[in-house]
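Q: Make one complex out of these two single chains by using the hints.
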Amino acid sequence: MRTAPASAFGRLWQNERFLSLALVTPALLTIGALFLYPLGFSVISAFSVEDSGFGIANFTKAFDFYSNDILFTVIIVGISTVLIGAFAIAIGGYLTMGESPLAVSILKWLYRWPLFIPFIVAGQMMRTFLAKNGLMNNMIVGAGLLDPSQTTSFLDWRGIVITFVWKQTPFVALLVAGAMASLDRSTIEAARNLGAGRIRILAQIIVPQVRPTIVVGLILSFVVMMSVLSVPLMINAQNPTMLTVDMAFRINTYGDYGVANALGFISYAMTGFVAWIYLRQGVRQGGAP
Amino acid sequence: MPGESLTVDHVAVDYGTLRVLQDVSLDVAPGEFIALLGASGCGKTTLLRAISGFVKVASGRILLSGQDITSAPPDKRQMAMVFQSYALWPHMTAAQNIGYGLKLRKVPRAEISRRVDEMLALLGLEGFGERSVTKLSGGQRQRVALGRALAIGPRILLLDEPLSNLDARIRQSVRHEIKALQAQLGITAIHVTHDREEAMVMADRIAILDAGNVAQLGSPEEVYNRPVSPFVAAFMGADNEIRLRVERRNGEIHIPASDHNDAAVLLDGESANGDGVHVVGPGCGDVVAHFRGEAATLIAAGERPPGGLVLRGRVRQMSYPGGIYRYAVDVGDRRFMVDDPRRIEVGESVGISLPAAALHLYPAELGRHEVAEE
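Top to bottom, those sequences are chains A and B.
Note that this note's numbering gives residue 120 to position 120 of the first sequence, counting from 1, and the numbers run on in steps of one.
Note that this note's numbering gives residue 140 to position 140 of the second sequence, counting from 1, and the numbers run on in steps of one.
Hints are not guaranteed to be accurate.
Label pairs and their in silico Cβ distance ranges [what the hints assert, rightly or not]: (1) A:Ser67 to B:Lys103: 43 to 49 angstroms; (2) A:Val224 to B:Glu118: 49 to 55 angstroms; (3) B:Ser164 to A:Met139: 53 to 59 angstroms; (4) B:Lys135 to A:Phe65: 51 to 57 angstroms; (5) B:Lys135 to A:Ala237: 52 to 58 angstroms.
Since the hints were derived computationally from the structure, they do not count as laboratory data.
Note that the Cβ used here is the ideal one computed from N, Cα and C, for glycine as well.
Chain B with its partners taken away, still in its complex shape (with noise of 0.2 angstroms):
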């Protein structure tokens, strides 16, 4: 099952009088895994029903291995898509649900019998054909709706949020089953999920989708070491921000001390081979920096380390989520998140402590959902 490319050329797509896909463009790979990754109604899921066919495109092309479907019917477009219900036929089998695409395709009941034993063996499911999908367990059905697709020997397979009703356990050995899976066939997958960890375990690349537009497209690594804007920042984790008046000079950024932070010279990220700060845009005057909680790490009030940012502040609210400590952090009138190893009390003084490649800096005037010119 050779993988085919696929290309989203300028697609918009409209809900009556909203338009809620902008202007998208993507373009996949022969075999490459794909996540459209995005909070609720950022038009992950209707960019993956307008590559399906299930929602009509207003203006721009789709087309799979160079051939235009933009028009064509769902039914014609030879793709397969799992989803989130799994939507199995419940007065079906195991066994007839995985082969009613091929029976559709007019296949030998024989070569059915046998595709779908194939395919009951991949998956896991050996003795469950026979089986009524109402009696099987939810990673089972999921498994089932994935035999479906897969069964047709689709040219793409679309993968609608197919983890979200699994439980956590179970969630995360079958993330890296169908991963192995669309590996081992080749096919090309895209995948819809709002889940970060998710798509960063899946995908070959991720499209991070943001008030229909697609806000970055890059390995797991670039989205998460270089986001692009303090959007995706934010959604890849560097969720604390702070508002810091930098100069940069000499593949260096200088931050002077003011209330809330001691002076600090960090390396700048563009010289120092990404071991410095990540700046987006000139990278002086007014910026707004990003860094993660885990990034962080909690010193002694009187502590001076070397070589990063330190913010003063006071320890308000502490929790165990399992492994680390997670400290709410009060720098003036901001809150951060920091995670730390050790225990330390409520009302304590503290720095945070960022090394520079925890930071991510970008343009003070820069909206949320802009993205600075390079």
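Bound-form chain A, shown alone (with noise of 0.2 angstroms):
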């Protein structure tokens, strides 16, 4: 008796190799549809030049207008990574290790309510709290501390420092509490018995095992401040300003999507750069990133 052949489509069925493709394939299309092309688009935009195809022309006008806001964004969003890994360590070590539980349960309850919060919002509320006549000034030149002739307003590259910082320091302490939390309390505690204090603690026993939870929070807050538009829009929209201001510009203004491309690709490629550095050191690790 000869066994009936089975069906090709069933024979393909059967192919482990076909079946786990097409389980991947509406991730891989979506990727693509909503990443990879306009990614792409983008790319291929900032390349073009009207009248001879492709050159360089959108760059060198680009470095020509915006080298000081390149700079300035690079100056801010490092200011303020350096802020919230800072931050976000003190909190988690908080967390980690204060003795009053009373403290402790509030700072828990207290921190996280910035995430919560969108940009816009959060922009708006620091252009009430540091304008010159702000809250915040209010408040100082009430208690007695300054004349109110003597205030300044931080709407300047400082309220977008300190914006970004109260926004996205409870992202990573979140994160970093979270990995802190999950060490092995009694690594913490051995430090203690041989005589460590906290600072130390925290410096040389909790901060290396937990930072790649920093790297990865801080690349993270990185990636979300090189993109934020509303924040520097709100707080500092004079010269010199951040480069999603200057891409906004470039096609709010003059339909200059060139330009506008080029600018991208270089936020693009300063995130990149982040992210190989985190990569690299990964890799020499020898481990998981």
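A: The structure is reproduced here in structure tokens:
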């Protein structure tokens, strides 16, 4: 007796490789359509020149007009990242080692609030808080610490940094505090037992063990801050400003997608560079990033 | 490194509203090795953590060589703890782990490296100094943890079940290594364990803890041969128990015959220099007798050996743990575990023969956790 031959479709269906490809295809198509296509399109647009096809004219123009803003963006986001890291470690450290249960639970309850506030609302809040006659200066003057004539507006690069740090610290602290909480507590107690104070334990025992989490949190924050438009627009729309404001300006005022895309490409190169540093470090440590 | 004395004076510890250490007192002599032995939840680790300063004491005092350290923070007590999980720092090498305490004490770099090498040699870890602790075996990690604790020359060495994560074969040898090292260095040590044999082998004295109290404190021989309460007797392996009616007169314990036992006249341990029955309390009327399975022998149903108590029953189960056979013998409605070198079939009628020295008698009205007035 002869067994019936399996249909071509049946054979294909039984092929595991085909099945797994079929399963990942929707995800691949989504990434392709929503990320790779626009990315490729903007890269091509950045390198396109009206008359002669391809060239770097858009980049030359971007650097001529906006090199100050590129530097400004790098400095603002860099300072913010460092401060976010410091605050997140301090919050995580206190949540892990704080000895007052009341203070720990109040901090635990409070520190996450900014996570739920959109950037644009945070920007608006900071405008009323940091202005020359804003809430912060009113409180300082009310407390008798400064005379009204001595107050200054913080609505410049400092305002952007304050807003970014206020908004992004909870996100990194959330990741970092979770990683710290999952450490073997006896590694902390062992250091305490040998005579280490709490600051030293944080710096030498806890942070080195959760460093991969800190780095991931900071890179994600870096990328988010690079792409925020509302905060620099609301707090510091003067010169110099951040690249996102310049991109919006090129498009809205001149319809100049070429230079806007060149600026986008530069932002992308900056975040790519940070990600590359992180990946390289992961490889050097011989383990998972 | 001369040993220092430690006094735990009426210490109580609360976790929230729950009192986990009731009123514990303990005197540890310089250079002594004390084991805190007990079941899970008895308070032994809490006592160790109170001594190390990680747990706040609700009342009482802790003195280190006469100096009150009750409220000193853990980092100021100059004690060193070896943790159950070893608690090594995975981002450091073995040498960095061992040298960390010295670095904290601002010891010069050359001196740290010399002391670390000395420790590595002492612990048989030469050549492993530069290796990451994550690449060491369980036994090696345990030794690095011990080296890290000893390197600072602590005033007291605290061991929190440091052997429980090792496999059985290595555990045997590490027990002796730790004990030998402690004796060689003359350092006072307090060791928490739930393993009776480990406590017996390592400690000079054993404190048996029960529900937040010290049930008995004594040398291994004392707690093994003269347990002061039914709880200690059961915890030290004398977990077979039977109710008897006895009379104590003229240096003898008289036990009348019943459905389950033959009549017996046994030497009273107090007058027989320890060879007779160990009696706690008056030793008259209703008592609970405790005995170890390995102290009994099984005899044929009709056999009547002189000078011991014989319980009559039937073999219900047999197993062979190695060397001897272990039998479950039913006597009336009670079941006893008894060891015997001979093979006896299940279902056979047997006698459980108990020499006088195998028996520990406690007043029947005594709760399992109480100690009789002597």
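Q: Against each hint, give a clear statement of whether it holds in the structure.
A: Results of checking the hints against the structure:
1. A:Ser67 to B:Lys103: 43 to 49 angstroms: holds, 47 angstroms
2. A:Val224 to B:Glu118: 49 to 55 angstroms: Holds: the Cβ-Cβ distance is about 52 angstroms, inside 49 to 55 angstroms.
3. B:Ser164 to A:Met139: 53 to 59 angstroms: holds, 57 angstroms
4. B:Lys135 to A:Phe65: 51 to 57 angstroms: holds, 55 angstroms
5. B:Lys135 to A:Ala237: 52 to 58 angstroms: Holds, at about 56 angstroms.
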